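A.B. asks: Could you build all of it, start to finish, from the sequences and the hints given here?
2 protein chains.
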Amino acid sequence: MSSTTFMSPEAALEHWQGHRRLTRRVIEAFPEDQLFSFSVGGMRSFGEMCNELLAMAVPMTEGTVSEAWGSYTPGKATSKSALLAAWDADTAKLSALWPKIPAARFADTVTAFDAYTGKLHDLFLYVIDNEIHHRGQGYVYLRALGVEPPPFYERG
Amino acid sequence: MSSTTFMSPEAALEHWQGHRRLTRRVIEAFPEDQLFSFSVGGMRSFGEMCNELLAMAVPMTEGTVSEAWGSYTPGKATSKSALLAAWDADTAKLSALWPKIPAARFADTVTAFDAYTGKLHDLFLYVIDNEIHHRGQGYVYLRALGVEPPPFYERG
Numbered sequence: 020m021s022s023t024t025f026m027s028p029e030a031a032l033e034h035w036q037g038h039r040r041l042t043r044r045v046i047e048a049f050p051e052d053q054l055f056s057f058s059v060g061g062m063r064s065f066g067e068m069c070n071e072l073l074a075m076a077v078p079m080t081e082g083t084v085s086e087a088w089g090s091y092t093p094g095k096a097t098s099k100s101a102l103l104a105a106w107d108a109d110t111a112k113l114s115a116l117w118p119k120i121p122a123a124r125f126a127d128t129v130t131a132f133d134a135y136t137g138k139l140h141d142l143f144l145y146v147i148d149n150e151i152h153h154r155g156q157g158y159v160y161l162r163a164l165g166v167e168p169p170p171f172y173e174r175g
Numbered sequence: 020m021s022s023t024t025f026m027s028p029e030a031a032l033e034h035w036q037g038h039r040r041l042t043r044r045v046i047e048a049f050p051e052d053q054l055f056s057f058s059v060g061g062m063r064s065f066g067e068m069c070n071e072l073l074a075m076a077v078p079m080t081e082g083t084v085s086e087a088w089g090s091y092t093p094g095k096a097t098s099k100s101a102l103l104a105a106w107d108a109d110t111a112k113l114s115a116l117w118p119k120i121p122a123a124r125f126a127d128t129v130t131a132f133d134a135y136t137g138k139l140h141d142l143f144l145y146v147i148d149n150e151i152h153h154r155g156q157g158y159v160y161l162r163a164l165g166v167e168p169p170p171f172y173e174r175g
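Just so you know, the sequences run in chain order E and G.
Position 133 of the first sequence, counting from 1, maps to 152 under this note's numbering, and the rest follow consecutively.
Position 63 of the second sequence, counting from 1, maps to 82 under this note's numbering, and the rest follow consecutively.
Calculated directly from the structure, the hints in this document are not laboratory data.
Any given hint could turn out to be false.
Pairs involving identical chains hold if they fit within one copy or between any two copies, as the list cannot separate such chains.
Unchecked claim - Lysine-lysine pairs mimicking DSSO-like chemistry, simulated, CA-CA at most 27 Å apart:
(1) Lys138 <-> Lys112
(2) Lys112 <-> Lys95
(3) Lys99 <-> Lys119
(4) Lys99 <-> Lys112
Quantities reported herein were computed from a predicted structural model and do not represent experimental measurements.
C.D. replies: This is the structure we're talking about:
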């Protein structure tokens, strides 16, 4: 391994998939009738936030692999089962797509979705961090609903 | 650069410091009288969460450099000015400490704080992700207080 490595692409994918497993448990923890309706402070529902997350993870990865960027298309789930099905489908797609990205590209500057310019690793971290950010908001919604959220440290 | 690199240690630090700049703006955005008192759903105040963040970032980095782990000691700030001062001091310490970590160590398995075992890069990501997670909760608190949070995408 190079002495200039913080982590390998394989480790980055495993880290991301650990977050996706946790986010899936947060979706599951929501009462069905609150997932697309409950919010605090005029914010979006957690279900709507997850539809945003779906618009970012696989599309970012597909765009990186193909270098053809589609337009921003949020997920269309309106039920817990549809959201979980879309989530699981994208988890599998992500694992299939990720190894197609040549590692040497992660430090390249690219323009994702024909709009967001940055180093490729920073663009991917943005997608992961946005998931963590909104999932943290989902934790507050669950607490406000009297539901114990899944442990943050469990990623398996 | 090695073909097995997702990102370099320098990029990881810059990524983290970008998050710390955003978290600082979230602290600043809180009304002074709500920072250590307001919460939703029986959770901790955002100020208390930030005292936890202070107990993790520099102590994790100092422990990595020295390989001597102190006990968990949350920050003791009880006012916005004290919290911002502690935050700024640790931002500077982090930048000074980080280059002392030999890059080859990030893939090593270590036990941080004599309690948490994992690859070093995952342990650091845990600290960063915990900051993002709680800051996302701070965004909900701000919205519930009628305060517009700083833009998530601004890290400069």
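A.B. asks: Can you give me the call for Lys138 and Lys112, within, between, both or neither, at a CA distance of at most 27 Å?
C.D. replies: both (23 Å within a copy, 26 Å between copies)
A.B. asks: Since the copies are identical, ignore which copy is meant and state whether Lys99 and Lys112 lie within 27 Å (CA to CA) inside a copy, between copies, both or neither.
C.D. replies: So Lys99 and Lys112 pass the 27 Å test inside one copy only (20 Å; across, 44 Å).
A.B. asks: With identical chains, the pair Lys99 and Lys119 could be close in the same copy or across copies; at 27 Å between alpha carbons, which is it: within, between, both, or neither?
C.D. replies: Answer is neither: 31 Å inside a copy and 47 Å across each miss the 27 Å cutoff.
A.B. asks: Between Lys112 and Lys95, at a C-alpha cutoff of 27 Å, which is it: within one copy, between copies, both, or neither?
C.D. replies: This pair counts as within: shortest intra-copy Cα distance 18 Å, inter-copy 45 Å.
Of the hints listed earlier, the one the structure fails to meet is number 3.
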